[in-house]
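Keeping their order, the protein sequence lines are chains B and A. What the first sequence shows, in our numbering, is residues 1 to 1098, in sequence order. What the second sequence shows, in our numbering, is residues 1 to 289, in sequence order.
None of these hints come from the bench; they were simulated from the model. Here the structure is a predicted model, which is why all the values come from computation and not from measurement. By construction, the Cβ of each residue, glycine as well, lies at the ideal position given by its N, Cα and C atoms. Check the hints yourself; a few may be wrong.
Unchecked claim - So the derived label-pair ranges between C-beta atoms look like this:
| # | chain 1 | residue 1 | chain 2 | residue 2 | range |
| --- | --- | --- | --- | --- | --- |
| 1 | A | Ser93 | B | Lys1047 | 39 to 47 Å |
| 2 | B | Thr303 | A | Glu289 | 48 to 56 Å |
| 3 | A | His253 | B | Gln581 | 48 to 56 Å |
| 4 | A | Glu289 | B | Asp1072 | 47 to 55 Å |
| 5 | B | Asp763 | A | Phe10 | 57 to 65 Å |
| 6 | A | Pro28 | B | Gln581 | 29 to 37 Å |
| 7 | A | Ala191 | B | Lys726 | 43 to 51 Å |
Chain by chain, the residues run as shown.
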Amino acid sequence: MTLSPDLVTRFSAELRGFGSSLPDDFARAAEAVAEVLTPEEVERWAQSGVDLANHSLRSWEAAAEYFRASPDMARRVGFAGLQHWVDVSTTLSARSSLIAAAFLKSSPSALDVLSAHELDAWSQQGDRLCRGNWKSIALAALYFQTSPALFQSLSLEAVGRLVDIIDQLTERSYELATTCLENSAPIFAGLHAADREPFLRFARAVTRASWADTRLYFERGPRLIEAVDASQRATFLDLASRVTMAVGRQGFPLFADAATALAEVETADHAELLGFATRLAPGSPQAAMEFLKSAPFVRTRLTADQMQRWAETGAEILTVEHNAEGSEAFFRLESTRAEEMMRTLSARVELTSVNGMLRMYAKALSGEQVSVQSTESLVDKNIGWMSEASATTEGTAIYLPPFVNTFEEQAANFQVYKVFTTHQTARIEFGSFGYRWAEPGVHAPVTVPDREARRAEAPITVAVAEGESEPKVRGEAATAIQRYFNLFADRPLIGGLFTVVEDTRIDAWVSREYGGIRRWLRRLQSYEADHRPEVRTMGLRQGFVENLLRVSLARPETVRWPTTLQEYLLRGIAALKVIEQPGATVQDSAEVAAAIYDIIVSLPNIVADLPEGDWVAPDEDMISIAPGMPSGGGEGEPGMMPNGEEVAFENPPQPEFRGDFKPELVQLLMKLKLQQQGQQQDGVNSPLTKEQLMELLENSAEITISEWAEGDLASSLGMFLSNLEKEAGTPAGDPKQKGEGDTGDQPGGGDGSDDEDLPMRIDYFYYDEWDFRAADYRPRWTRVGERLLDEGDDDFYEETLRKYHGLVMETRRQFELMRPESFRKIKKLEDGHELELDDAIEFHVDKRAGVGPIARIYSRRNKVERDVAVAFLLDMSASTDEEIEKQRQKYDKDDDDDFDGDPRKYFQWLAQRRARQAIEPPKRIIDLEKESTVLVVEALEAIGDSYGIFGFSGYGRENVEFHVIKDLDEAFDDRVRRRISKIEPIRSTRMGPAIRHTIHKLNEYDAKVKILILVSDGRPQDHGYGRDRTEKEYAVHDTKQALVEAKRDGITPFLITVDKEGHDYLKQMCDDIGYEVVDNIDSLPRRLPTLYRHLAAE
Amino acid sequence: MTTTEQHSGFKQIQVEDFRITEEPFYLPISDEIELFETAYAQKVPVLLKGPTGSGKTRFVEYMSWKLHQHIGNVEAEGVPLITVACHEDLTASDLVGRYLLEGDDTRWIDGPITRAVKVGAICYLDEIVEARKDTTVLIHPLTDYRRLLPIDKRGELLESADGFLLVMSYNPGYQSALKDLKHSTRQRFMAIEFDYPPRDQEAEIIHRESGVDRAVAQELAKLAEKVRNLKEHGLAEGVSTRLLVYTGKLIAHGIRPRRACQTAIVWALTDDIEVQRSIEEVVTSIFDE
Ligand SMILES: Nc1ncnc2c1ncn2[C@@H]1O[C@H](COP(=O)(O)OP(=O)(O)OP(=O)(O)O)[C@@H](O)[C@H]1O
Ligand SMILES: [Mg+2]
């Protein structure tokens, strides 16, 4: 079909008034359109364009898009379609030509996906976003711009739901709505087809619950779910939607955490985890997410099966006990039940749970004050030990890895710990660190002096394996073992050999001495032997050491060695067997290692390139070879040396149960220790010089300098050295176990004057907390730091005594009256202080009757030692700063509204109060506590019972402060007096942990009757001690639980509160626990003795 | 001798007539026998110090048997041994004697110490610190050069017979400061210190006393050594030789070693669960069944 030139001219003229390009656009389009449409249709099409351009001020822009898109559209929808299209556009342009333009422009590509009749629905979606303001117009235009891309991944209907979300966001922020819309297309394109709808559903939930999180979701969501197994993403997203609908603004963070957690678990497990979570969701969506969040941690401890059993328990809390909070706490791992269950199910054994017992075990075996600690703490000290995975000792403590998970049963893993401990203890018990220069052993002749002499003659020639070209003249050795190691050119080789030999000796001793553990030692040896690296790829020297190791693991059949060199190995094994004989000492080990060293260095460290047949497995000869030292110098001609490439020597890895062995460092530490204690040791020259130390550290094969030295070597060494010196200065034994049986036997003068300079010492203790909603403890939830309270001045105490002189006397008298009760009368004695008339009469009657030949007619009063310990626990929280008067005023008004009707009475009262205040400053609760303390101290000193006074405060569960004013076994003196004056309001009131710590102290104390008296303002309150700041229930329940625990431990708890308002809390807390409200110090002395007598009654 | 044979098969004899007729097994640990013999000859009172079950009582019995050859004035059977277990309520009358009503009359009967003084016996006051302080003063004139026992109620003064010797035992371990011996009491005695024997000797004792074979006895002695390392670090007292002998007896009669140790050592020693477990681990390290 041809286009009439007239038409073009005509319409071009009409269009000339608009933008400059419009006539051209039209002309070009007309030509193309004419190919599809009839002339009349072209005519009408052109007219529609002109109409559109004329529609409003800027609608010519839409017209331009109309013309540009028309050729494509005409081909797609024909004339009728075009007509409809332009109608729709015109409507849109009524809103804004910008929107219409965007619509028109995007139409052809939108129609790639949409059918013609869907144009209306599509345009309406965009239209909906337009609210008339320019921001909304821009958004709607954006919508049309991006829709073709969106249609690539979402259906029209789904895009409609996206628009809903965007629309909802506009109510909050156009900026956010725009960003989300902009990003939508690439996001959905990036998702798997099946995940798109669920992603959208969750987006909707997030927007409803917390609109601001939508941005985060659009930003991070796709990457978060990428880590989830592809087949499970939809399930996960649907779960997240469901959770979010239930929990609201917590929804997105839970989702994000759960996704992160899933990323840490193998994807193969996702289906099962999500399946379980989906089961939990109806009962508690929160629990479902908490379960997912904890999954990676739980999985490190439990197998899939065990985890399932564990999770079922949590589910039962929900479904059977109907305790959603409990189940959530369970899955959040903030529940003792969850932890305990995990512990019993898990095969893994944690050091923390066996540490105390192993410590005593090690003490028993070695007879030394060894402590057992985690390898983590040794590595932290930075004194040369680098590995957290290997057990070790530095001579005074045994370091064990934080957990053992080698076998599948817990009992077996415990045995692993035991073998670890036994081996390290045996190093101490059988003297691995006690090498002395040139002292004879039991089985091997001493050769070290000769070696030293030889080495002095020819100092350089041996330096083959060492990279150093310039021979260094070595100074005098700092320790005997260093002097020994100095004899050898290849330090790593002799170090490795000495380790293998010495460990062999230790294993032999353990097997002989501890028949019961032999079986487990064998099992571990075997286990290790089965996990050794391949010998054939090692250099000969390394392979030699490896083979010795295998022999020492009692598995000689695993040895592999070139046939032609068998002689060498046989001599080595014979030497090694020397050390397994009874009585062998570390001196023997040194000689045996030296002898084997000689054999090994006659071999080149090449990787032997030999066919399979040229490697021997051990024969009878090798297995049954008798112990024997290699005959001196008999190296012989090296047999047929195989070909191969020379490699650098490296020690084969140590079996796990033997751990790290660093005799050089240990001897150095011991020496430093002696030096610091001012004791001189015989043997090698002392004291140590800095140069000597530096040389030792530089040459030692036991520390890999490169591993910890950064930058300047000298300064790193210096730092390292000062770490070592610091370590040598700290006394042996557990640092934290003070007073727990380990009588603080610190070496060196520890007299009182030193204490002053020390920084405040804080000992930390961990306690569970009771979560009443979950009906379970939150394990190790709180940390209590015990410290001495600072000392104030003496005045307060004296002042109080003076002020309350009369009261003090009265209290004392009252208490002294209690004393006679502590005498007990014993009757029916043959001899005694008094005659018991009744018994005497009875006796005579009996005698007449011919029975009762012994006259048990006397009685006697025996003094019974009072055996009472009482702990006073004072609330030092900020709320005790409150004035008592103010409080009284508060309830005075509340309680008796007497003067409401009578203003005169009120003014009278007011005047009285003012007068009182003028004389003395208003008294605060804390003052009452302090003054009562003075009274109580005076009274208790009179009666002689043991007592402790403690204060508590703090902030948050990690920082419960426990101040010791007077410890139970501390004598009352001036320092205590001064501490009392320092009692003052500090921070919050977390009562539970403070009570628990007091219980702990009382439990440690030996007394028949134990009492805990808590003095407070009756308002437990702390950060995080309840759901929010105002909630009291959680705190009250925990406090009550702590008091119940006290009772369970045979302690009588009693509460004294200074707050009348607190009355109600107290009642709830104390159903069967004694309490009393005191609002006036004057009433204390009257009450205390009665109260105390009552409590202390046996 | 005034022995009354009863029907039911037990023997009832007067304390001063009691003799140890068979040689008790006592394995000397150091020079304690020589010390005691000399003390006896020189009439120097002896204080046996040492932890429970370390052989103090056995030693006195053995010495009483051994010394009979050296005494000329008493019957050939040996030196009588009169033992008094001291306790809180022990009074002076309990030791010296008292009047009893008999019909309308009264009759005096001698207490154990009076009897010992009269017949020249070794009087062994076991766990002397348990006795009340006023009771302990009573022995003061007996234990210096005077060797006199005043009997207040009768207004008499008793001079000790030749073979009389006062021996006391005392376990310094678990006494509190409250219950310490007065210096004026302490310093009237020479002291022989007892401790648990070294491993080999203790093994020999266990073997001889319990009948368990030497190898097991050796392991038990080793175990004891290890457990004693825990004294004051979880345990108030180390395991006594006595308990080891009991354990040996159980094993000798068919109880498995681990089980025997558990009942006769672990559970006997402490109620603290953690300490129990630690000791059990030591046991299972030493015994393999
Ligand atoms: N040197 C020893 N020779 C032989 N047996 C001994 C020796 N030492 C201890 N025993 C054994 O130990 C057991 C306990 O000893 P004994 O009763 O003498 O202890 P003790 O020191 O008197 O204890 P306690 O202070 O508790 O009375 C004895 O029965 C005996 O079997
Ligand atoms: Mg005894």
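Verification of the supplied hints:
1. Distance hint check: the CB atoms of Ser93 (chain A) and Lys1047 (chain B) are about 45 Å apart, consistent with the given range 39 to 47 Å.
2. For Thr303 (chain B) and Glu289 (chain A), the Cβ-Cβ distance of about 31 Å falls outside the hinted range of 48 to 56 Å, so the restraint is violated.
3. Between His253 (chain A) and Gln581 (chain B) the CB atoms are about 36 Å apart, so this pair departs from the stated range of 48 to 56 Å.
4. Under the hint 47 to 55 Å, the C-beta atoms of Glu289 (chain A) and Asp1072 (chain B), about 51 Å apart, fit the expected range.
5. Separated by about 60 Å at the C-beta atoms, Asp763 (chain B) and Phe10 (chain A) satisfy the suggested range of 57 to 65 Å.
6. Distance hint for Pro28 (chain A) and Gln581 (chain B): a CB-CB separation of about 33 Å, consistent with the stated range 29 to 37 Å.
7. At roughly 45 Å, the beta-carbon separation of Ala191 (chain A) and Lys726 (chain B) lies within the given 43 to 51 Å, and the hint holds.
Of the numbered hints listed earlier, those contradicted by the structure are 2 and 3.
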